[in-house]
Amino acid sequence: MEQSGTSALLQGAVQDIASDVVSALRGGDHVRMSGTGAMDDVEGSLTLAAVRVLGADLLLPHVLFPTPPAPEALAVFRRTVEAFPPRPDAAPTVKWSHWAMSRTLRRLDTSLAGTPAGDQPPEQDAGWLDEATWQVLTHQLAVLAPLAVPGADCAVARAAQRRPVDVARGFVRAVRRRDWQQAAGAGRWLTLIDGVPETLGLETGLDFVELMGGNDPRVALQVQAARVVRAAGALV
Amino acid sequence: MTDTRLMHTVGVRALEWLWAHRDGFRLEPDVDPEVGFLERFKPVGELALICRVLFREGVAGSRQAELARKLLDHTWRHTLDGGRMLARGQCIEPLSPIPFEVYLPYKELGYSEPEVERATVLYHRLDSWAALELDPTRRLGLSAFQRRFGFTPRTPETDIVGSTWLARTPEPWTVSGHIAYDVTHTVFHLTDWGEHPDALPPDIADYLAMWLPVWIDDWLDLERWDLLGELLVVDACLPRPTLDERAWEGFAAAQQPDGAMPAVRTLPEGEPDEVFDVVYHPTLVAAFASVLATSRALTELTHVTS
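Protein sequence lines, in the order shown, are assigned to chains L and C.
Each residue of the first sequence is one higher than the one before, counting from 1 in full-length UniProt numbering.
Each residue of the second sequence is one higher than the one before, counting from 1 in full-length UniProt numbering.
Rather than coming from a laboratory, the hints here were simulated on the basis of the structure.
It is possible that part of the hints are untrue.
Far from chain C, some chain L residues (derived; all Cβ distances over 10 Å) [stated by the list, open to error]:
#: 1; residue: His30
#: 2; residue: Pro66
#: 3; residue: Arg107
#: 4; residue: Asp125
#: 5; residue: Ala126
#: 6; residue: Gln135
#: 7; residue: Asp153
#: 8; residue: Ala155
#: 9; residue: Thr204
#: 10; residue: Asp216
Facing chain C, from chain L, some residues (calculated, C-beta under 10 Å) [as the list claims (entries may be wrong)]:
#: 11; residue: Thr115
#: 12; residue: Trp134
#: 13; residue: Ala159
#: 14; residue: Arg162
#: 15; residue: Val165
#: 16; residue: Ala168
#: 17; residue: Phe171
#: 18; residue: Arg173
#: 19; residue: Ala174
#: 20; residue: Val175
#: 21; residue: Arg176
#: 22; residue: Ala183
#: 23; residue: Glu198
#: 24; residue: Gly201
#: 25; residue: Arg227
Bear in mind the structure is a predicted one, so any value in this text is a computation, not a measurement.
Even glycine gets a Cβ: it sits at the ideal position worked out from N, Cα and C.
With the hints as extra help, turn the sequences into a complete structure.
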């Protein structure tokens with residue numbers, strides 16, 4: 001299928017930013033936002049859209065490591081949160097993705113302390129996950145992988161925690177289907193939750209996903225996030 | 001849980017197709033012995049095995065049981081020439097386990113050919129027969145058949161299980177079609193083709209309860225009906241079968257009006273014998289899955305009401 005020009009541009013921008021995040025996760029460095037130096041109108045809106053696609057993971061290195069984000073990255077992130085408020089009838093994943101960004105912003109943007117924007121955003125309902133089949137559950141959780149962060153409780157994380165076997169099954173399904181992005185996102189959740197079946201082989205599974213799909217920076221991002229989450233879990 | 005009638009009907013229709021196409025069960029007596037006279041025995045042996053399961057489970061209707069009996073009589077008398085073709089196979093290739101493997105289910109159903117038995121008894125004494133380099137699942141099956149024949153297997157089944165892929169409970173996301181067929185046959189042999197679900201070692205039963213639903217989901221969506229049918233048999237061999245509704249509905253919908261089950265996606269076109277060679281196996285598997293799943297569903301109903 002041929003991609004439209006805008007879609008291809010957006011995909012490229014998402015990949016570039018994801019690569020920056022992967023570098024930061026590997027090196028414990030800032031997210032450099034290398035491709036977003038010139039923020040004129042066209043490129044600026046493209047960057048915002050790309051950040052919206054990547055979601056809260058843009059600043060993941062600064063959530064996982066005690067380094068403050070670079071001011072320009074934080075500024076783009078804040079503008080994205082403001083530019084894309086979810087509509088009331090938006091899908092739950094869209095609302096939750098925005099919620100995750102708001103939470104991250106509140107956590108990292110010290111200038112918001114004491115302002116209304118600094119308040120914890122109200123949690124959305126996650127009941128749709130309890131009703132979902134294991135296939136749908138895993139797909140939705142993979143879309144919401146930015147919420148899979150150690151020590152960050154929310155209704156989605158609790159829903160994942162209640163169904164470790166189903167998420168593990170979804171991981172197997174995603175690998176079998178060569179949907180590396182879904183597999184990596186599910187794998188990231190699995191490093192965070194208890195009760196994952198031993199026979200899954202999660203650690204080698206994540207390495208396999210990286211081997212097969214790691215050329216895509218969005219896959220590499222999830223795998224690297226999972227490794228950091230695992231290491232953080234080992235310290236607890 | 002799936003409607004029992006749906007599962008049962010799949011088997012009824014499969015038997016109708018097998019009976020209508022019974023001439024497809026054919027040997028090639030004139031084939032060059034070096035080419036492989038034994039190649040065409042496999043469908044006949046599989047038919048006998050599955051008909052035996054059908055009689056054993058006792059859930060077939062009268063028409064289905066009658067067709068199964070007629071198919072067995074037809075293949076024994078015509079295809080195997082009253083067992084003499086099996087003896088001939090043993091003459092051509094004495095060390096091949098195939099004639100014995102085909103013979104055993106017929107013997108268990110009351111058919112007999114003394115010459116085949118004499119040869120089998122002799123081969124069982126040969127170190128060479130015990131030393132044949134078979135893959136672990138095939139070796140497991142051969143030892144199980146030797147036990148059922150009345151021999152003490154030279155390699156006990158308990159010594160072989162650990163070498164199979166399944167017994168090592170490996171990463172479930174590595175399963176491919178070939179591995180999946182090994183898994184299904186390991187389960188068939190360990191449970192005597194579904195007769196003893198409790199004979200599955202608990203760690204294997206737990207492993208399958210955990211991952212089989214994923215494999216069933218996957219091969220259903222890939223429309224690989226032959227493998228899906230075998231996986232549905234495995235489900236019916238578990239201590240707690242799921243009798244998955246979505247899978248059974250997809251499987252039943254893939255079956256043709258005349259009862260033929262495609263191997264992959266849809267039926268091929270071609271000469272009748274060629275089509276038979278592609279279709280007989282998934283159709284036999286459909287009959288097998290149907291009878292076991294129906295039996296398990298009825299057992300569960302009995303437990304609920306008692």
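Going through the hints against the structure:
At roughly 35 Å, the least C-beta separation between histidine 30/L and chain C is larger than 10 Å, which holds for a residue marked as non-interface. At roughly 35 Å, the least C-beta separation between proline 66/L and chain C is larger than 10 Å, which holds for a residue marked as non-interface. No beta-carbon of chain C comes within 10 Å of the beta-carbon of arginine 107/L; the shortest separation is about 34 Å. Every CB of chain C is more than 10 Å from the CB of aspartate 125/L (nearest about 27 Å), matching its label as outside the interface.
Here alanine 126/L stays apart from chain C, with its beta-carbon at least about 23 Å from theirs, past the 10 Å limit. At the 10 Å boundary, the C-beta of glutamine 135/L falls inside the reach of chain C, the nearest C-beta of that chain being 7 Å off. Chain C leaves aspartate 153/L outside its interface by the beta-carbon criterion, the shortest separation being 27 Å against a cut-off of 10 Å. Every CB of chain C is more than 10 Å from the CB of alanine 155/L (nearest about 26 Å), matching its label as outside the interface.
Not every CB of chain C is more than 10 Å from the CB of threonine 204/L (nearest about 6 Å), against its label as outside the interface. At the 10 Å boundary, the C-beta of aspartate 216/L stays outside the reach of chain C, the nearest C-beta of that chain being 18 Å off. With a least beta-carbon distance of about 47 Å to chain C, the hint placing threonine 115/L at the interface is violated under the 10 Å criterion. For tryptophan 134/L, the interface hint holds, the least distance from its beta-carbon to any beta-carbon of chain C being 8 Å, beneath 10 Å.
The restraint placing alanine 159/L at the interface with chain C is violated, with a minimum CB-CB distance near 20 Å, outside the 10 Å limit. The interface hint given for arginine 162/L is violated, since its Cβ lies 17 Å from the closest Cβ of chain C, which is over the 10 Å cut-off. Interface restraint check for valine 165/L: the shortest CB-CB distance to chain C comes to about 7 Å, inside 10 Å, so the restraint holds. Because the smallest distance between the Cβ of alanine 168/L and any Cβ of chain C comes to about 8 Å, under 10 Å, the interface hint for this residue holds.
This hint holds: phenylalanine 171/L has a C-beta 7 Å from the nearest C-beta of chain C, less than the 10 Å allowed. Hint status for arginine 173/L: holds, given a least beta-carbon distance of 5 Å to chain C, under 10 Å. Taken as an interface hint, alanine 174/L checks out: its beta carbon lies about 8 Å from the nearest beta carbon of chain C, inside 10 Å. Checking valine 175/L against chain C: minimum C-beta separation of about 4 Å stays under 10 Å; hint holds.
With 10 Å as the threshold, the beta carbon of arginine 176/L comes within range of chain C, its nearest partner Cβ sitting at about 5 Å, so the hint holds. Proximity of alanine 183/L to chain C holds as hinted, the smallest CB-CB distance being about 8 Å (cut-off 10 Å). For glutamate 198/L, the interface hint holds, the least distance from its beta-carbon to any beta-carbon of chain C being 9 Å, beneath 10 Å. About 4 Å separates the beta-carbon of glycine 201/L from the nearest beta-carbon of chain C, less than 10 Å, and the hint is met.
A cut of 10 Å between beta carbons decides the hint on arginine 227/L: the least distance to chain C is about 18 Å, and the hint is violated.
Of the numbered hints stated above, those contradicted by the structure are hints 6, 9, 11, 13, 14, 25, listed in ascending order.
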